[in-house]
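A.B. asks: Protein chains in written order, with the working numbering: chain A, 1 to 312; chain B, 1001 to 1312.
I should point out that these hints are in silico values taken from the structure, not numbers from a laboratory.
Hints are not guaranteed to be accurate.
Unchecked claim - Derived DSS-like pairs (lysine-lysine); straight-line CA-CA distance at most 30 Å:
(1) A:Lys99 to B:Lys1312
(2) B:Lys1312 to A:Lys92
(3) A:Lys198 to A:Lys270
(4) B:Lys1129 to B:Lys1312
(5) B:Lys1285 to A:Lys152
(6) B:Lys1092 to A:Lys312
(7) A:Lys312 to B:Lys1312
(8) A:Lys312 to B:Lys1152
(9) B:Lys1129 to A:Lys285
(10) A:Lys152 to B:Lys1312
(11) B:Lys1099 to B:Lys1152
(12) A:Lys270 to B:Lys1092
(13) A:Lys285 to B:Lys1152
(14) A:Lys312 to B:Lys1285
(15) A:Lys285 to B:Lys1285
(16) A:Lys152 to B:Lys1092
(17) B:Lys1099 to A:Lys285
(18) A:Lys312 to A:Lys129
(19) A:Lys129 to B:Lys1312
(20) A:Lys129 to B:Lys1152
(21) A:Lys263 to A:Lys152
To be verified - Computed, partial: chain B to chain A, Cβ under 8 Å:
(22) Arg1132
(23) His1133
(24) Asp1150
(25) Gly1151
(26) Ser1177
(27) Ile1241
(28) Asn1245
(29) Ala1251
(30) Ser1287
(31) Ile1290
(32) Met1291
Said to hold, decoys possible - Reference listing, derived: stretches of chain B covered by chain A, where coverage requires no fewer than 3 residues with Cβ under 8 Å from a Cβ of chain A:
(33) 1160-1173
(34) 1178-1189
(35) 1279-1286
Using N, Cα and C, we set each Cβ at its ideal position, and we do this for glycine too.
Here is how the chains run, residue by residue.
2 protein chains.
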Amino acid sequence: MTIGIDIGGTNTDMGLVNEQGVIVRRSSIPTNNYTDMDTYITDLMGALRQMCEAEGLDGVSLSDGIEGIGIGAPNGNYYTGCVDNAPNLTIKGVLDFGKAIARYSDVPVVLSNDANAAAYGEYIYGGAKRMRHFIMFTLGTGVGSGIVVDGKLVHGSTGGAGELGHNILIPGGRPCSCGRSGCLETYTSARGIVQTYKECCREAGVTAANEMSSREIGDLANSGDPIATETWNRVGNWLGIAMANAVTFSAPEAIFLMGGPVKVGEPLMKPLRASFERNLLNIYKGSCRIMLSQLPANEVAILGAAALGHLK
Amino acid sequence: MTIGIDIGGTNTDMGLVNEQGVIVRRSSIPTNNYTDMDTYITDLMGALRQMCEAEGLDGVSLSDGIEGIGIGAPNGNYYTGCVDNAPNLTIKGVLDFGKAIARYSDVPVVLSNDANAAAYGEYIYGGAKRMRHFIMFTLGTGVGSGIVVDGKLVHGSTGGAGELGHNILIPGGRPCSCGRSGCLETYTSARGIVQTYKECCREAGVTAANEMSSREIGDLANSGDPIATETWNRVGNWLGIAMANAVTFSAPEAIFLMGGPVKVGEPLMKPLRASFERNLLNIYKGSCRIMLSQLPANEVAILGAAALGHLK
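Bound-form chain A, shown alone (with noise of 0.2 Å):
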């Protein structure tokens, strides 16, 4: 078994996970309750020993058949084993979570960012199962990737690599959180299918509703709202290239696509497909499928991060 932690803003979700892939045990604690590592850890600590205790096991230790411990976090750094001045964290500094964990469990830790788990969740327990190069995508306040090849998460020199939504682009385009323009994740992101959707209503001359969200969006589109459809045909349009694009880097077999907005369907995964065909090189044709993530969304954090306690 392995455990999988999720260090969220809000709460750290953690699960026992068997073989098979299931969560056996769950458990969380409020990550915005802590603003000292020490007794942080010293409760996510006592949260995992009463997880295992249910299961019928001593503690968290090798002995008790714990083989690893994976933590998906922002920021987080896998050659480090430490997250990296997160700013979503009330928690604040570089926190060394390997060093933390050891003083308390011999299991071995193995940390990195959340779109790199969800990744290797996908290639552990999911629809990427058997394969030795895919790129997952995830969509959602931002856009993160995570990308596999020859079998191996791709950490690169500093343990950064597979930040695919901060790739250009459109040069020059829309101003992007990370002080630059034009990055994927400023027309993709929930808040750049917002913003495309206000271009769409001021284009079409009709006044945008007060602050839609991009699941509402996605509702208007399912019941054929035309401003609606023609936004995820933009998103559709921008993802495709994004993806063609990932292509030329690691020819992979599929690219995998996971978060809230894609919920919405064929609005997206419609002209997300029409796009990726007519972007592909043609050497390529044929070889890579784009495919949605086959772990449920409310699993997906702590089988991810459970599928990284397998690479120690």
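Got chain A sorted already, so can you dock chain B onto it with the hints?
C.D. replies: Quick look at chain B alone, frame taken from chain A:
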């Protein structure tokens, strides 16, 4: 020792390379004299045998101390050992080099495309020794690339990975020979540079000289010509964006650059470095250098191919 064979449309150049990366013997046959694969292979193997005998070896075999034969070829596929319908070769169809050479020699044959060979040559013999993550861009008639991740050349699921010259840099941009538009190649290949020069002339209200080559435009820039300087400023800017984008994929330690247009020097390198810095996502600042290939231009093709011989 390994043997490196570079198959070009005009000539097939080959060399015997020792462990220090020195080409101890060279030979060549005219590729475009052949339309038949069997005759071509017979002559190629004859030339290899002569080359080995001149070096005091009995022939082209493992027992003679030849560890690998590497082949760099347009459209060369690593997985199949075949050259797939290369448009610039007079020998047509799918050419199975692995199988053809096996009839003459027990030395393992590794084949890949020329840009991958160049990258691997840099890794084994050049400036990328001991680098686990780097990318090579080759500028010439087209723009090629080779990518090393975790010390391994990325071939992807099809063998066709690493075609960053066909990354779409500007959606809806210049038409490309691949049938799409906006590919990096249309902006930074020799032909793209010439096109940019013409655009710069037009904007300046100057009639361009008949048909300048990218080399002549380089000479002009180095003699202070403002239109040529502006041309290279734009080329450097585009290439810097493409390189910054490539970093979001694999977070390499270095990006190498080689090929004819690179010889211009500072008129390209200065705006390239500035653009790369400006367009690099902040988490990568200071982690990736732009470097020139450290292999001699007249040796890189054979050395790259010979490096592939180390792969088996």
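A.B. asks: Which hint numbers doesn't this structure obey?
C.D. replies: 1, 2, 6, 9, 12, 15, 16, 25, 26, 31 and 32
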